[in-house]
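J.: Chain residues, written in single-letter form:
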Amino acid sequence: MEREIRMPKLRPEMKKGMLAAWLKEEGEAFEAGEALFEIEADKVVGQVEAERAGRLKKLVVEEGDEVEPGAVIALVEE
Amino acid sequence: MIFVENPSFDPPFNQAFEEYVFERAAPGEDALILWRNDPAVVVGCYQNVYAEVNIARAAELNVAVVRRESGGGAVYHDRGNVNYTFITGARAGGDYAALIAPVARALNDMGVPAAMNRTSDIAVNGLKVSGSAQKVKKDRVLHHGTLLYDADLSRLHELADGERGCFISKGVKSAPWPVANIRECLGRDAPSVEDFQEALRARLAPGAAVLRLTDAETASVRALADEKYRAWSWTCGRSPAFTREAEWLLGSLPVTLRYAARRGVIEEISFDPPLPALSEAARRLTGARLETGEARAQLAGLEGLDGLWRALF
Chain A
1 MEREIRMPKL RPEMKKGMLA AWLKEEGEAF EAGEALFEIE ADKVVGQVEA
51 ERAGRLKKLV VEEGDEVEPG AVIALVEE
Chain B
1 MIFVENPSFD PPFNQAFEEY VFERAAPGED ALILWRNDPA VVVGCYQNVY
51 AEVNIARAAE LNVAVVRRES GGGAVYHDRG NVNYTFITGA RAGGDYAALI
101 APVARALNDM GVPAAMNRTS DIAVNGLKVS GSAQKVKKDR VLHHGTLLYD
151 ADLSRLHELA DGERGCFISK GVKSAPWPVA NIRECLGRDA PSVEDFQEAL
201 RARLAPGAAV LRLTDAETAS VRALADEKYR AWSWTCGRSP AFTREAEWLL
251 GSLPVTLRYA ARRGVIEEIS FDPPLPALSE AARRLTGARL ETGEARAQLA
301 GLEGLDGLWR ALF
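Chains as they are written, first to last, in my numbering: chain A, 1 to 78; chain B, 1 to 313.
Calculated from the structure, these hints are not laboratory results.
Please note: incorrect hints may appear among the correct ones.
Claimed, not checked - To spell it out: a stretch of chain A is covered by chain B in this simulated footprint if at least three of its residues, at any positions, have a beta carbon under 8 Å from a beta carbon of chain B; those stretches are:
#, region
1, 17-31
2, 44-50
3, 53-67
Note that the coordinates shown come from a computational prediction; the quantities given were computed from them, not determined experimentally.
Every residue, glycine too, gets a C-beta built ideally from N, C-alpha and C.
Okay, chain A solo, but in the shape it has when bound (with noise of 0.2 Å):
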């Protein structure tokens, strides 16, 4: 099954947020709980892990664009 990942929000006053660094590549597999990506906003990095194992399929935000909360940013194969 394939599933969106969207932009998180790291505090409710979030308005964007940057996509700061891919820790994974496009095609690699991940497990539950392997750390994805990393944003940043407001001066907080938040890293943000898988909640289930899967496949990158697609990163659709490149490193350092900013997004609103709730943009999709990859897709991944599960």
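Once you've looked at the hints, dock chain B against the given chain A.
T.: Just chain B now, with coordinates in the frame of chain A:
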């Protein structure tokens, strides 16, 4: 709450110390570290270090340049600046108000009319005396901040005063604000910076158990400092791709240099006007790391171009 003692003034070691405690803090246990650095510019995790600080000038002044794990902009540290680090549960992540309030209260208690300012600063009469930033990982947050007590503000302005001109890059830009030292509002009887640090500790972690790292743990911190925080690949190589334009004088002739760099390595460089005397320099600098020693070495032996390396930074 535990208080972890860190008597070091070494900027890369201190960054590693914080990370070490953050990675190992027991779940449910809150920690406080108070620490000071020898002169350093500390940039945010996702900043372009070259756009934030002239690393050639910092090296000349013996000021360390270090990249930290938290977000935000560049800050200047010296022994007149006290840093605090709170490590706690991630539910406090992003909640600056809750984490800054005890620090502002401690200052008020010492007679400093401090109040929260912007999202993550503390100010006295509108002047910033403290900035803070965070790293959230798994179920923990590391929240740390500066406290300008008696820092060299002229150095601060020279080395960490917002983004420098003529850089185009992604990444996080600093957001400067007028600053002041806390000591200035405490009058003649102001305590020394050491006593100020002790007064903070008494207010932020009253009765907390005091922990020190064992020799083996200190050795691990030292190893992390050497591998990561002292490494060019972390501090400089993690900068986002950027282009830069700078002016340089070849004798009395103004020359514009333009380069594009990725991961701190020059990918392309050109000079305007494209003088023959500069073509060998361009050839040698293509593929060179933006590092003062390497830039100087690449240009060594080229006549009349002695100062060109400096214009790269």
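J.: Establish whether the coverage given for the region 17-31 of chain A by chain B is satisfied; the threshold is a Cβ-Cβ distance below 8 Å, and no fewer than three residues must meet it.
T.: Coverage by chain B holds for the region 17-31 of chain A (3 residues, Cβ < 8 Å).
J.: Is the listed coverage of the region 44-50 of chain A by chain B valid when you require three or more residues with a beta carbon under 8 Å from a beta carbon of that chain?
T.: Result for this restraint: holds, n = 5.
J.: Given that the region 53-67 of chain A was listed as covered by chain B, double-check it with a C-beta distance under 8 Å for 3 or more residues.
T.: holds (count 3)
Violated hints are absent here; each numbered hint is respected by the structure.
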